[in-house]
Amino acid sequence: MPTDLYDLLEALEVTLAAADPAKRDALAKTIDAYAHDFPDEFYWGVSAQAPALLCHLLRTIDVACRPEVQTKPRPVIRLIDRKPGGDA
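As numbered in my numbering, the sequence shown has no gaps in its residue numbers, which increase by one up to the final residue, 98.
None of these hints come from the bench; they were simulated from the model. Keep in mind it's a predicted model, so treat the numbers as computed, not measured. Each residue gets a CB set at the ideal place from its N, CA and C atoms; glycine is no exception.
Restraint ranges, calculated between C-beta atoms of paired labels, are given here: (1) D47 x T13: 26 to 36 Å; (2) E23 x Y44: 11 to 21 Å; (3) A58 x A32: 30 to 40 Å; (4) R69 x D47: 17 to 27 Å; (5) T13 x R69: 17 to 27 Å; (6) T13 x P61: 15 to 25 Å; (7) C65 x V24: 15 to 25 Å; (8) Q59 x P31: 28 to 38 Å; (9) A58 x E23: 16 to 26 Å.
Please construct the entire structure, taking both the sequences and the accompanying hints into account.
As structure tokens, this is what we get:
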């Protein structure tokens with residue numbers, strides 16, 4: 011039976027939601043530590059510039075391992091094309 015990205019993400023989210031709360035908390039702390047220690051890599055990985063699968067996987071894992079009230083909003087990073095010489 012073929013599956014698509016959204017089936018995969020839904021299965022991942024359901025699996026994480028059913029996991030031991032202590033393990034979910036440990037995962038959330040690990041994600042926070044990675045975001046703190048390697049912000050460029052982390053925020054690129056959850057941005058629109060990252061490959062689609064990577065971006066969706068990281069966001070799904072980040073959200074699924076936390077209760078809704080603890081979900082941390084992540085900034086959207088966009089690259090802007092600017093004209094040379096500072097004229098935007």
